[in-house]
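Be aware that the sequence shown starts at 1281, since it is given in the numbering used here, and climbs by one per residue.
Honestly, I wouldn't trust all of these hints.
Claimed, not checked - Only pairs whose alpha carbons sit at most 35 Å apart, straight line, appear in this in silico DSBU-like list of lysine-lysine:
no., residue 1, residue 2
1, K1360, K1392
2, K1285, K1373
3, K1370, K1360
4, K1392, K1285
5, K1360, K1285
6, K1326, K1392
7, K1360, K1373
8, K1351, K1373
Rather than coming from a laboratory, the hints here were simulated on the basis of the structure.
These numbers come from a predicted model, not from an experiment.
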Amino acid sequence: MSEAKERYNRLISIVNSNLSNHNINNITFENYDNLDISIYNYPLSKLLSIDDDKEFLYEVFYKILDRIIDKNTLNHLLLKLKNREIKREKIIKNIFNSQERIIKNTYIDFNK
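Required output: the full structure, derived from the provided sequences and hints.
Shown next, in the form of structure tokens:
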């Protein structure tokens, strides 16, 4: 693990530890490996390469909608993925085609 990635992960740990000390919910941060990629031309392959479903959903919302996923949507989509009722590509396309994404003008490069 690179020194920068270690610092980033330590910072996340410190922030969440401090929040826990004050009975405040933890914050979910973007994946370190994807921080340097623009949300205005994000490669589809990067999202699909994330192994963990929960981490995948957080990144999809960060990169396509530039915000955190709400708990109800997270739980709903996790269940659908677990039960194989929806594929990751469909989640990405649904969010990509949403009015919110259009307003925010983010972009997913479906060719990368």
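Hints, one by one, checked against the model:
1. Only pairs whose Cα atoms come within 35 Å are accepted, and K1360 paired with K1392 is accepted, the gap being roughly 26 Å.
2. The straight-line distance between the Cα atoms of K1285 and K1373 is roughly 30 Å, inside the 35 Å bound, and the hint therefore holds.
3. As the CA atoms of K1370 and K1360 are separated by approximately 11 Å, the hinted pair is consistent with the 35 Å bound.
4. Distance hint between K1392 and K1285 is fulfilled; the C-alpha atoms sit about 24 Å from each other, no more than 35 Å.
5. In summary, the hint linking K1360 to K1285 is supported, as the alpha carbons are separated by about 31 Å, within the 35 Å threshold.
6. Of the pairs offered as hints, the one joining K1326 and K1392 holds, with about 8 Å between alpha carbons and a cut-off of 35 Å not exceeded.
7. Distance hint between K1360 and K1373 is fulfilled; the C-alpha atoms sit about 15 Å from each other, no more than 35 Å.
8. The suggested pairing of K1351 with K1373 holds, with an alpha-carbon distance near 20 Å, which does not exceed 35 Å.
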